[in-house]
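As you go down the protein sequences, you meet chains G and U in turn.
Sequential numbering of the first sequence, starting at 1, is according to this note's numbering.
Sequential numbering of the second sequence, starting at 173, is according to this note's numbering.
Derived from the structure by calculation, the hints contain no laboratory data.
Be aware that one or more of the hints could be misleading.
Derived pair list, reagent style SDA-like, types lysine to any residue, alpha-carbon separation capped at 25 Å [claimed, not checked]:
#1 K236(U) / E21(G)
#2 K20(G) / R231(U)
#3 K75(G) / R231(U)
#4 K24(G) / R231(U)
#5 K236(U) / F162(G)
#6 K254(U) / G79(G)
#7 K235(U) / E21(G)
#8 K26(G) / G251(U)
#9 K15(G) / G251(U)
#10 K15(G) / F240(U)
#11 K254(U) / F162(G)
#12 K15(G) / T193(U)
#13 K235(U) / E51(G)
#14 K254(U) / P198(U)
Just so it is clear, the structure is predicted and the values come from calculations on it, not from any experiment.
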Amino acid sequence: VSAKSLPKDLLEQAKFLTTKETKKPKQATLRRAVSTAYYSLFHLLCSEAVEIMAPNVDENTRYRMQRWFDHIAMKETCGRFLPPSLGAPLRDLIGSVASNDLQRVARNFIRLQDARHLADYDMGWTLTRIKSQEFVQEAEDAREAWLRIRKTAEANIFALSFLHWKHWEKRT
Amino acid sequence: MTSDITTIEAEKELADQILATVTLLPEISNFETSIGTDSSGDAALRVTLWVTPEAVQQRGDIKKLTQFVYDVHTALQLGGVKSFPYISLDEAA
């Protein structure tokens with residue numbers, strides 16, 4: 001069974017969860033929506049990064065590689081691509097600022113990871129429907145932004161940075 | 173840790189000043205800044221944009237409201253806030 005459609009399916013599921021209970025949504029439902037929205041973006045970026053690194057491997061190898069990615073390292077990478085200013089390795093690689101689309105991907109990933117953490121672990125956190133819908137919208141916006149830039153050099157550098165950030169410090 | 177708290181308190185003050193100059197959408201009644209922690213346990217600036225009961229009732233345009241969240245994020249960064257601001261919508265009482 002292919003899991004290629006998983007990121008999109010998770011996003012659709014997250015959307016469904018925010019509207020499933022029309023009157024008074026359960027906290028459990030809204031929390032699952034937020035968590036699912038985060039994972040839709042997480043799995044999208046992992047699978048896209050593997051596609052960039054190893055486009056010719058078979059499906060099983062692809063899924064093994066997708067397990068290499070670490071949530072915290074990915075969040076740190078996202079932070080490096082955001083203003084106010086990019087660090088030296090990135091300035092050399094992509095210029096003084098990332099595109100608006102890449103910034104959106106990076107920003108929303110950080111926000112969604114934080115929200116996912118609250119949704120799954122902070123029992124004192126109260127979610128309203130509108131708050132959960134906002135996070136799901138952010139996952140969708142990030143996905144659309146990524147699909148616009150996925151073939152660009154900066155997207156390649158971003159994806160490689162999830163695993164290989166320290167190598168950018170090396171110069172030729 | 174003390175310097176982190178001092179820094180984040182200064183960031184909160186700056187965020188309050190910047191947000192006071194931002195024109196809110198009709199769907200947003202007010203904003204609130206607070207200091208919390210992020211998922212790593214580090215001090216973090218949090219901003220809540222309170223959505224009016226009317227907009228909530230009418231299931232306001234979530235795309236438009238989310239775009240406003242991005243606009244506020246950008247305004248804070250351009251205004252000099254250096255830490256990552258965690259901004260979210262919530263329902264006003």
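Each hint tested on the structure:
A C-alpha spacing of about 23 Å is found between K236(U) and E21(G), which places the hinted pair at or below 25 Å, so the restraint holds. Using a Cα cut-off of 25 Å, the hinted pair K20(G) and R231(U) holds, with the two alpha carbons roughly 14 Å apart. For the proposed pair K75(G) and R231(U), the alpha carbon gap of about 31 Å is over 25 Å, so the pair is violated. The straight-line distance between the Cα atoms of K24(G) and R231(U) is roughly 13 Å, inside the 25 Å bound, and the hint therefore holds.
Distance hint between K236(U) and F162(G) is unfulfilled; the C-alpha atoms sit about 31 Å from each other, more than 25 Å. In summary, the hint linking K254(U) to G79(G) is supported, as the alpha carbons are separated by about 11 Å, within the 25 Å threshold. Proximity of K235(U) to E21(G) is assessed by CA-CA distance (about 20 Å); at most 25 Å being required, the pair is judged to hold. Taking the CA atoms of K26(G) and G251(U), the gap is about 38 Å. The hint is violated against a cut of 25 Å.
Among the hinted pairs, K15(G) with G251(U) is inconsistent with the structure: their alpha-carbon atoms are about 33 Å apart, more than 25 Å. A hinted pair counts as satisfied when its Cα atoms are at most 25 Å apart, and K15(G) with F240(U) qualifies at roughly 20 Å. Simply put, K254(U) and F162(G) have alpha-carbon atoms about 22 Å apart, close enough for the 25 Å limit, and the pair holds. For the given pair, K15(G) sits about 33 Å from T193(U) by alpha-carbon distance, which is inconsistent with the 25 Å threshold.
A distance of roughly 30 Å separates the Cα atoms of K235(U) and E51(G); the hinted pair therefore is violated under the 25 Å criterion. Among the hinted pairs, K254(U) with P198(U) is inconsistent with the structure: their alpha-carbon atoms are about 28 Å apart, more than 25 Å.
The structure does not agree with the numbered hints 3, 5, 8, 9, 12, 13 and 14 stated previously, though it agrees with the rest.
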